[in-house]
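We have chain A; now place chain C with the ligands onto it with these hints.
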Amino acid sequence: MEFTKILTRFENIPNSRALATYEKHGGYEAAKKALTQTREEIITLVKDSGLRGRGGAGFPTGLKWSFVPKTADTVYLLCNNDEGEPGTFKDRYILELSPHMLIEGMIIAAHAIGAKKAYIYTRCEFYDEIRWMNEAIAEAYQAGYLGKNLFGTNVQVDLDHYIGAGAYICGEETGLISSLEGKKGQPKLKPPFPAISGYLGKPTIVNNTETLAAVPWIITHGAAAHRAMGTEKSPGTKLFCVSGPVKKPGVFERPLGYPLKKLIFEDAGGMLDGKQLKAVIPGGASAPVLLPAEIETLTLDYEAIAAAGSMLGSGAVMVIPHDQPMMELLRILVNFFHHESCGQCTPCREGTGWLASVVQGVEEKTATPEDVEKLYQIAVHMEGRTICALSDAAAMPTKAITRKFADELKRSIRGI
Amino acid sequence: MADTVTFTLNDKNVTVPKGWTVMQAAKQAQVDIPHFCWHPGLSVAGVCRFCMVHVQGARKLEIACNLQATEGMIVRTDTPEVKEAHKWGLEFHLINHPLDCPVCDQAGECGLQDFYMQVGKYKSQMTRPKVLKPKAVDLGPRLILDTERCILCSRCVRFEEEVTKTGALGIFDRGDRAIIGTYGEEKIEHNYQENLVDVCPVGAFTSKKFRFKQRVWFLQEKSSICPGCSTGCKIKVHARTDRRTYYRVKPEIDETVNGFWMCDKGRDTIAHLNREHRLPQSQMRIDGKKQTVPTAQALESLRRAIETAGAEETALLVSAHYTVEEYEAFFHYFCDQLGVTKVYQWRAETEDRDSFDGILLRGDENPNTAGLRAAMRRVKGRTVPIKNEIATCVSKKPKVVVALCPEVPFTSPWFQEDLKQLAGISHVSLWTCRYEATEVAGITSWIPMKGFAEKTGHFLNYEGAKRELQEAFPSATAEALSVVEAVQQMAAIATITTETATL
Ligand SMILES: Cc1cc2nc3c(=O)[nH]c(=O)nc-3n(C[C@H](O)[C@H](O)[C@H](O)COP(=O)(O)O)c2cc1C
Ligand code: SF4
Ligand code: SF4
Ligand code: SF4
Ligand code: FES
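From first to last, the protein sequence lines are chains A and C. For the first sequence, the positions run 1 to 416 when the numbering used here is used. For the second sequence, the positions run 1 to 503 when the numbering used here is used.
Please keep in mind that the hints were generated in silico from the structure rather than gathered at the bench. Remember, it's a predicted structure, so these values are computed and weren't measured experimentally. Misleading hints may appear alongside valid ones.
Said to hold, decoys possible - Heads up, simulated EDC-like pairs for lysine to aspartate or glutamate below, C-alpha to C-alpha not over 16 angstroms straight-line:
hint, chain 1, residue 1, chain 2, residue 2
1, A, LYS148, A, GLU135
2, C, LYS342, C, GLU313
3, A, LYS116, A, ASP160
4, A, LYS184, C, ASP268
5, C, LYS380, C, ASP336
6, A, LYS374, A, ASP407
7, A, LYS117, A, ASP158
8, C, LYS236, C, GLU62
9, C, LYS60, A, GLU383
10, C, LYS380, C, ASP268
11, A, LYS183, C, ASP268
12, C, LYS209, C, ASP138
13, A, LYS410, A, GLU373
14, C, LYS87, A, ASP407
15, A, LYS24, A, GLU139
16, C, LYS290, C, GLU161
17, A, LYS184, C, GLU161
18, A, LYS183, C, ASP173
19, C, LYS236, C, GLU185
20, C, LYS250, C, GLU62
21, C, LYS222, C, ASP173
22, A, LYS190, C, GLU62
23, A, LYS247, A, GLU232
24, C, LYS380, C, GLU328
25, C, LYS130, A, GLU364
26, C, LYS60, A, ASP392
27, C, LYS397, C, ASP336
Stated by the list, open to error - In silico negatives: residues of chain A with every beta carbon more than 10 angstroms from chain C:
hint, residue
28, GLN37
29, PRO69
30, LYS184
31, PRO347
32, GLU350
Said to hold, decoys possible - To be clear about the criterion: a stretch of chain A counts as covered by chain C if any three or more of its residues have a C-beta under 8 angstroms from a C-beta of chain C, and this derived list gives those stretches:
hint, stretch
33, 138-151
34, 332-344
35, 397-403
We put the beta carbon where it would ideally sit given N, CA and C, even for glycine.
Chain A extracted, bound-state conformation:
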């Protein structure tokens, strides 16, 4: 499968984070080019490229940008670098390799949507990445890539780096906006959507780090080059984070539509000796688990994984070995969502707590086999009922595990 590395093209290049290195490899040429183009031209190009949001939902990026009212005076661009989805460690890798790629992507995106001010929102745990990003921003300012009159045009883009406290819910775009506004990190009711009324009530576009970092390459190489990789509905490349007992876990940039088994068994080196594959979570903690039979021919693109009943999500491929008790996995998952629910919507607040409590009952030896079905029912009624998708994120894996591993879960409850 032929493809060009976009996001990880600085792998194996020494001193890759430095501005000089980035410039030597054509850095900021795309921004220079884009700033001579009209907003519409860039949006059309990004639409044509088929780029989809890499934050989890896969929303078409160009289309999202086009929702910003053309007449708006103040518009904001926010980079979602919260990377909270368990199993996901790709955005930080971009900062590790080339933070300037993100800055350049943000300059282009800001110009396309008419934003003079942009923010990167990073969780505080990314200690080194925060430092690297800050250094890159300082360099970019010094070189005149940020600020007023960029590349001799009248375009202005200012960029700030905001450090969040590390709540999963602050990665949800409106939770991120609340947090950035200095409020408790709670998602906002939609409508209105952020593109109309977001940060400080102004039109706002929130994009994932990986999404924005892909933009310069698309400007330079064109929509067709991007579409040449991946599938028709999922063009381009994507970062996949492979974790679990495989020989070479890590981040892999692969074209969308790439075979999942090839990723696990060739690129990631296959299972550790003595481990066999029991299941795969293909797109982060909120993605339903898939059984080995379900991934036989599965390809890593939005449509194929959806058709298999799961989702590509953030591209976090979690490999589950034969000796992993599913009750334990379920417990870890529901405890995570219980801990992270912001609590404003009743089905999510109560539902995540209830799921966690029922699973806790297994440990307390008060659970009954019927609880497996109860978990499923609770999850069913948490789904599609809330302000943000955290409730769904808790419900979907619960439904999958309680359905696909019902017998095993019942056995754990009975203690056999």
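What follows is chain C with the ligands alone, placed relative to chain A:
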């Protein structure tokens, strides 16, 4: 019409102004949509997720409170999916609820109970221990908060943000550990505390004053107007007629004046109506000793005193606590028929009459200053400046004074002290509901008056708007009269005595 939209709600065509939500439209069309967090006087929070409706063509159920009605939209509140969502919505609300209805003041008027009967009636699946949270938290002079009963609808938080603009309340922590509270040890001390009890759809916020006093199903309610200040908030007075006891006051929705709210001061305007504070029967001072007499006797004696002294030696001292109808009857009888011309206002000597707290409360502590002023303009033929005229009245050395006393004690604490000025006037007749009036020396007679909740009529508020006391409770004291009734009685006696005299 461009500024309305028509859509279908359970097969019913509903036309509402553009921009309305399905929830607002449903209210108007009297279609019930169960809800907790939506409140017509507050912004939309969309958090309880209870108001689910089915919209034809939509991928999933929508919340009615944040769903704008659009032309041709087809909405149903009764599909099996919606019913299931309501049932589960309620179950989610109740899994951690303490279900202490037997000791909860809200029982009988609780959203959880009501909706359980309406859309719930399931067998709970919750078998796990509940999340425990602080109970009976003292949050202010009038407030107790039970955070376990709280369903985190955020109405109270929004009230503090949007109405009092104090932002006093917040939701602390998250998930099912979330808890309503103030910052640090702060207490809520503003004059609108009990609205929190009203907006709270469950028994989380309870009123210290009403707490454990009465089960709400024993209460009757009557629509009236708060006599606490010149705003004239529309209220409902709650009482037990079998016990002749007043228990609480609640605001009644009135878009033009008070919206959904009232102040705490207004909530206290019923205390004086209860029997222990009331002048139960007419009294007269006979040979220096106070005696209970039939009202007819007291009124007849007043009538004789006026005849003896002459109308020109008679003065009327009138507070602004009575209705327009009462002033009409009073002045018609004393001025038009008997010929009294000395008419004086009676009110606080010093007052910050034009002050306004920016929400509802005004500095004029009289409910009917405008009504009294208009009535006086008629009998005097000129507009009088608003001020306390008791001293002027006394300086004119009248021989008879008929005083319509201020009704609400805590807004007229000067009442007894002012009355001392009347000592020395040969016949002073106090028309009052206040028992404390009998403690004043130098008074000739006391006629028991009805309180505001015991009569109909209207006040004119600070801007001259008609504020109607729509319904009346039977008086807590059997003999109490409205001014209208007292005047009728006096006129009737007078007729009889004249007739007897001519016989
Ligand atoms: C609970 C929750 C957590 C999320 N966390 C992240 C995150 O950490 N990073 C991210 O980019 N998107 C996250 N998202 C998705 C964002 O809401 C949003 O869709 C995304 O940032 C949009 O960017 P994109 O269009 O470039 O994908 C999260 C969504 C939910 C519901
Ligand atoms: S779904 Fe959960 S996390 Fe999302 S807004 Fe509602 S309560 Fe908060
Ligand atoms: S205290 Fe009452 S009003 Fe406030 S959030 Fe809880 S239930 Fe709602
Ligand atoms: S504002 Fe005035 S009229 Fe309204 S409740 Fe308070 S005291 Fe009564
Ligand atoms: S009333 Fe609509 S979500 Fe609460």
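ask   = Is the hinted pair A/LYS184 and C/ASP268 satisfied, with a Cα-Cα distance of at most 16 angstroms?
value = Roughly 37 angstroms separates the two Cα atoms, so the pair is violated.
task = With a cut-off of 16 angstroms on the C-alpha distance, tell me whether C/LYS342 and C/GLU313 pass.
result = holds (8 angstroms)
query = Is A/LYS247 close enough to A/GLU232, meaning Cα to Cα at most 16 angstroms?
reply = It is violated: about 32 angstroms lies between the C-alpha atoms, which goes past 16 angstroms.
message = Taking 8 angstroms as the Cβ threshold, is the statement that the stretch 332-344 of chain A is covered by chain C upheld or broken by the three-residue rule?
response = holds (count 7)
query = Taking the closest pair, is the beta carbon of A/GLU350 still more than 10 angstroms from chain C?
reply = violated (4 angstroms)
ask   = A/LYS410 and A/GLU373: Cα distance at most 16 angstroms?
value = OK: A/LYS410 and A/GLU373 at ~10 angstroms, within 16 angstroms.
ask   = Between A/LYS190 and C/GLU62, is the straight-line Cα distance small enough, at 16 angstroms or below?
value = Distance ~11 angstroms between A/LYS190 and C/GLU62 Cα, so the pair holds.
request  = Please work out if A/LYS183 and C/ASP268 have their alpha carbons no farther apart than 16 angstroms.
outcome  = Violated, at roughly 37 angstroms.
query = CA of C/LYS60 to CA of A/ASP392, is that 16 angstroms or under?
reply = Roughly 13 angstroms between the alpha carbons, so the hint for C/LYS60 and A/ASP392 holds.
request  = Compare the distance between the alpha carbons of C/LYS290 and C/GLU161 with 16 angstroms, and conclude whether the hinted pair is satisfied.
outcome  = Roughly 55 angstroms between the alpha carbons, so the hint for C/LYS290 and C/GLU161 is violated.
task = Sort out whether C/ASP173 lies within 16 angstroms of A/LYS183, counting only the CA atoms.
result = Cα-Cα ~13 angstroms, so holds.
ask   = Is the straight-line distance between the alpha-carbon of A/LYS148 and that of A/GLU135 16 angstroms or less?
value = violated (19 angstroms)
When the structure is compared with the earlier hints, violations turn up for hints 1, 4, 8, 10, 11, 14, 16, 19, 20, 21, 23, 27, 30, 31, 32, 33 and 35 and for no others.
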